[in-house]
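Asker: For reference, the chains in residue letters:
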Amino acid sequence: MVLDAELSANTKAILLLTAPLVVGKSENSVRPLSPAEYYQLVYWLRQHGREPADLLERQTGDALDKSELRLDHERIGQLIQRGFLLSQALEHWQARAIWVVSRADPRYPNRFKRRLGKNAPPVLYGCGDAELLDSGGLAVVGSREVPKALLGYSEGIGQLAAAAKCIIVSGEARGVDQAAMRRALAEGGRAIGVLAGGLENAAMARKYRDALLDRRLLLVSPYDPRARFNVGNAMQRNKLVYALSDAGLIVESDYNKGGTWTGAIEQLNRLRFVPVFARSDGQASQGIEALLRKGAHPWPNPQTPSDFQQVLDGKFLAWQTESPRQAALLPEEEDAVPPSAVDEAREVTIREAQAKDAYAPAETPSDQLFSKVEQLLASINTPTSESEVAAYLHVTKTQARDWLKRLVRDGKYKRLEKPVRYDRIL
Amino acid sequence: MDYITRRALELLRLGTGISDATFREGQEEAIRYVVEGRGRLLVVQKTGWGKSNVYFIATKLLREAGAGPALLISPLLSLMRNQIEAAERMGVRALTINAGNKDEWTCVEGRLENDEVDILLISPERLANDDFRERVLAGIAARIAMLVIDEAHCISDWGHDFRPDYRRIERVARTLPANIRLLATTATANDRVMDDLKAVLGPNLHVLRGELNRPSLLLQTILLPSLGDRLAWLSDQLASICGSGIIYALTIRDAEQVARWLRSEGLNAQCYTSRSRNRKGLEQALLRNRVKALVATTALGMGFDKPDLAFVIHYQTPGSVVHYYQQVGRAGRALKSAYGVLLSGTEDTEITSYFINSAFPTRDEVGEVIAALENEPNGLSISQLCGAINVSKKRIEQTTKLLSLESPAPIARQGYKWQLTAAQLSDEFWERVERLTALRRGEQRQMQEFVALKSGHMNFLIQALDGNPETTELPDIPPLPTKPQQETVRRVAEFLRRTRLPIKPHKKWPDGGLPRYGLRGFVRIEHWAETGRALYQWGDAHLSRLIRIGKYEHNYFADDLVSESFQLLLEWNPQPTPTWVTCIPSRRHPTLVRDFASRLATELGLPFRDALVKIDNRPQQKGMANSIQQARNVDGSLDAVSDLIIPGPVLLVDDMVDSRWTLTIATWLLRTHGCGKVFPFALATTATD
Numbered sequence: 001m002v003l004d005a006e007l008s009a010n011t012k013a014i015l016l017l018t019a020p021l022v023v024g025k026s027e028n029s030v031r032p033l034s035p036a037e038y039y040q041l042v043y044w045l046r047q048h049g050r051e052p053a054d055l056l057e058r059q060t061g062d063a064l065d066k067s068e069l070r071l072d073h074e075r076i077g078q079l080i081q082r083g084f085l086l087s088q089a090l091e092h093w094q095a096r097a098i099w100v101v102s103r104a105d106p107r108y109p110n111r112f113k114r115r116l117g118k119n120a121p122p123v124l125y126g127c128g129d130a131e132l133l134d135s136g137g138l139a140v141v142g143s144r145e146v147p148k149a150l151l152g153y154s155e156g157i158g159q160l161a162a163a164a165k166c167i168i169v170s171g172e173a174r175g176v177d178q179a180a181m182r183r184a185l186a187e188g189g190r191a192i193g194v195l196a197g198g199l200e201n202a203a204m205a206r207k208y209r210d211a212l213l214d215r216r217l218l219l220v221s222p223y224d225p226r227a228r229f230n231v232g233n234a235m236q237r238n239k240l241v242y243a244l245s246d247a248g249l250i251v252e253s254d255y256n257k258g259g260t261w262t263g264a265i266e267q268l269n270r271l272r273f274v275p276v277f278a279r280s281d282g283q284a285s286q287g288i289e290a291l292l293r294k295g296a297h298p299w300p301n302p303q304t305p306s307d308f309q310q311v312l313d314g315k316f317l318a319w320q321t322e323s324p325r326q327a328a329l330l331p332e333e334e335d336a337v338p339p340s341a342v343d344e345a346r347e348v349t350i351r352e353a354q355a356k357d358a359y360a361p362a363e364t365p366s367d368q369l370f371s372k373v374e375q376l377l378a379s380i381n382t383p384t385s386e387s388e389v390a391a392y393l394h395v396t397k398t399q400a401r402d403w404l405k406r407l408v409r410d411g412k413y414k415r416l417e418k419p420v421r422y423d424r425i426l
Numbered sequence: 001m002d003y004i005t006r007r008a009l010e011l012l013r014l015g016t017g018i019s020d021a022t023f024r025e026g027q028e029e030a031i032r033y034v035v036e037g038r039g040r041l042l043v044v045q046k047t048g049w050g051k052s053n054v055y056f057i058a059t060k061l062l063r064e065a066g067a068g069p070a071l072l073i074s075p076l077l078s079l080m081r082n083q084i085e086a087a088e089r090m091g092v093r094a095l096t097i098n099a100g101n102k103d104e105w106t107c108v109e110g111r112l113e114n115d116e117v118d119i120l121l122i123s124p125e126r127l128a129n130d131d132f133r134e135r136v137l138a139g140i141a142a143r144i145a146m147l148v149i150d151e152a153h154c155i156s157d158w159g160h161d162f163r164p165d166y167r168r169i170e171r172v173a174r175t176l177p178a179n180i181r182l183l184a185t186t187a188t189a190n191d192r193v194m195d196d197l198k199a200v201l202g203p204n205l206h207v208l209r210g211e212l213n214r215p216s217l218l219l220q221t222i223l224l225p226s227l228g229d230r231l232a233w234l235s236d237q238l239a240s241i242c243g244s245g246i247i248y249a250l251t252i253r254d255a256e257q258v259a260r261w262l263r264s265e266g267l268n269a270q271c272y273t274s275r276s277r278n279r280k281g282l283e284q285a286l287l288r289n290r291v292k293a294l295v296a297t298t299a300l301g302m303g304f305d306k307p308d309l310a311f312v313i314h315y316q317t318p319g320s321v322v323h324y325y326q327q328v329g330r331a332g333r334a335l336k337s338a339y340g341v342l343l344s345g346t347e348d349t350e351i352t353s354y355f356i357n358s359a360f361p362t363r364d365e366v367g368e369v370i371a372a373l374e375n376e377p378n379g380l381s382i383s384q385l386c387g388a389i390n391v392s393k394k395r396i397e398q399t400t401k402l403l404s405l406e407s408p409a410p411i412a413r414q415g416y417k418w419q420l421t422a423a424q425l426s427d428e429f430w431e432r433v434e435r436l437t438a439l440r441r442g443e444q445r446q447m448q449e450f451v452a453l454k455s456g457h458m459n460f461l462i463q464a465l466d467g468n469p470e471t472t473e474l475p476d477i478p479p480l481p482t483k484p485q486q487e488t489v490r491r492v493a494e495f496l497r498r499t500r501l502p503i504k505p506h507k508k509w510p511d512g513g514l515p516r517y518g519l520r521g522f523v524r525i526e527h528w529a530e531t532g533r534a535l536y537q538w539g540d541a542h543l544s545r546l547i548r549i550g551k552y553e554h555n556y557f558a559d560d561l562v563s564e565s566f567q568l569l570l571e572w573n574p575q576p577t578p579t580w581v582t583c584i585p586s587r588r589h590p591t592l593v594r595d596f597a598s599r600l601a602t603e604l605g606l607p608f609r610d611a612l613v614k615i616d617n618r619p620q621q622k623g624m625a626n627s628i629q630q631a632r633n634v635d636g637s638l639d640a641v642s643d644l645i646i647p648g649p650v651l652l653v654d655d656m657v658d659s660r661w662t663l664t665i666a667t668w669l670l671r672t673h674g675c676g677k678v679f680p681f682a683l684a685t686t687a688t689d
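Taken in order, these protein sequences are the chains called Y and L.
Going by this note's numbering, the first residue of the first sequence is number 1, and it counts up by one from there.
Going by this note's numbering, the first residue of the second sequence is number 1, and it counts up by one from there.
Excised from the complex, chain Y in its bound form (with noise of 0.2 Å):
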């Protein structure tokens, strides 16, 4: 899947206002809307019965000057006109065998739009095969710097997902990324890389063109091929890695600090978007015993590519009970949430996706959930401790809190101390 099908209007009409399209040196005279702002336009064409095509056509951009949307009309209009720019780069790209799609396309990611809502982006640009990006894998993070010894113990991780047939996916960052993903490849596996900048000479390094060919690797990133690495860049690309996996192995990390730290915590205590293990043998860090304490499964070492995949299928969870906050996320946990709550969330954000989740995210499933909580909670009509609601929801205490808490941010209930109790503001 290369650019050979064409472009829907859409795509480019997604590219011209976020891409910046790195085509020269020369600086960007305009500044490409954010993710924010662009999904602020796009939920205004979408009020208006429009969509991003048609601001290539006149009728709309007068509309959109007569809007009340905050976004500047002059600097829509200067990003729509970069048309000519747009067929360089796209040129230039297909040169060299990379990609793109936008959220407009049928092949963008549903892990993306699912998982990451709003901050998904609106473009993705790519080399190798597409087809990897919904297939799931084992996410594999940790540090650049890291002793000879765990570089060894990510190799091996990379030679079992490959013998498991499950794809690697990670950050492609040297140290433990790259180790996994090379044993991974270089044992017939496949492994997804999402980069966080220089796409273009990943995709044109020697190392990387046998996988690529052979379809067993995909080298993917929100950012256009010729951006450079940057900080800023790579913290966002970690939740990518997450979103596009089944479950997630944190080899090393950092304590307190760091990418791999950040990334992680995120995942434990907000995104939630796959199970979060933690390596539990070889020498022990700082960094790894904090992730345990604070949620992370310890990895349970399976030999074999069967108990491999037992892992990524959840099956050594129900073992650990010392993990409490994340077993609402496992469907295998059946007193976890109310499946029929679930399933509902999830039906419908499967269904709103393919209606009209096109250019902009519907809610999130974790939003659907929220809304099915708040009404579930709505037939009481006195203060609760949060056992009584982790009781009354057959959820965790943990869960339960979490959702008290937003109910309380979002202004709709007051908390009450000594004790705590959480009272809905009529």
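Since the hints were made in silico from the structure, they are not lab data.
Watch out, some of these pointers could steer you wrong.
Stated by the list, open to error - Here are the computed lysine-lysine pairs in the DSSO-like style, where the Cα-Cα straight-line distance is at most 27 Å:
1) Y:K372 - Y:K412
2) L:K393 - L:K504
3) Y:K257 - Y:K118
4) Y:K207 - L:K401
5) Y:K148 - Y:K257
6) L:K417 - Y:K207
To be verified - Over 12 Å on every C-beta distance to chain L, these chain Y residues come out as not near it, computed from the model:
7) K12
8) S87
9) K118
10) K148
Note that beta-carbon positions come from the ideal geometry of N, C-alpha and C, so glycine has one too.
Fit chain L to the supplied structure of chain Y, relying on the hints for placement.
Answerer: Chain L alone, transformed into the frame defined by chain Y:
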């Protein structure tokens, strides 16, 4: 944007300088269509209809409404110069960046940055240039409001004139969003080409199509197999036709020779090729009738606009009807009558077949380039590729270029080096090569039919172009005679003897140097050879036969060659006069050149010394495909015998000179062993530089 009728007419009148000018049929419709942004437009009109008025006026109207600049892509910008002047009169700031105006680039780039350019004119080759795209075009690419594709038929790979660089334009046209205006123009498009253009430019492409007939043109075909007869015919007829015109030749060498011949006959003819320095001046000279004829290759291209061009004569048969129609169609646009004469010789088919067969790289060449890149993860420059594989530099350049224009491309250029990409060459590439080659063979055959016609030439052309043939009345002028005068034919033979090709040895050692001799960089001035001479002149059938027989059959060069060479040396008279003679040694044919050189020395009354020796057997030079391979093949294989060297200037003799590396190295050896100035002399040369 709104189309303003009054302003458009005003611009037309400013541009043409005619105060009551009105639009030709279809012009205003085209301008309106583009300005109002109603969709993509293809204008098919014969040269001289005024396509440039359409895009210049549209550009001006768009600019006056606040739009960004326009970009025009045209294969040959020579045609543009007189149109640019018309644009300037309209107040359209039309600037060009092309291979011919490097000294103006900085200025044009500056004006682009300041938004002081209304329309930028470039060639497809420029668009293919990474540096241009990244440094110059990127600066304005974000603002371009209209793309004009001139000679759009080149996009079609069914076209007679498909050009690899247009593949990039094709993709630009496909990906260009609907809000950027697109205007395509061409003078010739048969039905198959039109279908292709619709596929590329979109199903909603609007087409404006005009007539093909040229009623003022008298077409004639004359078969004159020998080159000498055609040269003679040209000088006979040029003296009698009124007005100025163009003579088209297939190769640069032919064009140069024809121009030299006509000048020697006292006719004011100038050569116009891609190598000509003062192309602008030459065009002006023709426009103002200050030359009788430009003798041109296809470098004097599509759309050169001179309404009173009195004749277009083809010295050789072009490869296709469309080429021919476009070239001959330049004559007599604003005249009651004009001549279009096609001369046909024996070498025509050989030349056009060579063009057809060498248009694409072979599977072996592609295989070698890719294999060489496989071995170099960091890529190879062109000159490194020349060192790595035995394929000519030109072929390597062509192969890398064509491969990189594929989609997806198996190779891409990163900086100065070519690298493999994560894509492989698709079979479609070879299918296209076969299809195009077959197509061009068919076109070649069609031209041969045309050459054989006794009458109905114009109808034949119009039918071949899917036009609407009508009963065409011929202009009222007599056809030209079909034979040259014998006296002129004799003068041609003399002329061919008189003009010889110079041999210019290298002044720089090959890239990567000659390790066995320990040479690299520039050749030191004191080791340079003088400019030499070759006996054989292109087209001299007599000499050509003598040399061939001597070399390949008798292993002995005839006495005629010695006396011809003696004559040449007398005319040449190199200074300081050589005091002795030596030659390039050969192990394969040790006596052939040595014997010839020593007979020549006797004739000249000079001593002959066998001062150079071959110390190592190497494969034949002619098996080496590029200059670097040829240079390395000589590296360390020759030596000089100090005792035999005379300190004075020397005549260095060889039979055939190709890469000139042997001569350059032999000269270096002679000079470093105490010899004086070295004057190379050969029976024939294929070296063109």
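Asker: Could you work out which of the previously given hints the structure breaks and list their numbers from low to high?
Answerer: Going through the list in order, the structure violates hints 7 and 8 and respects the others.
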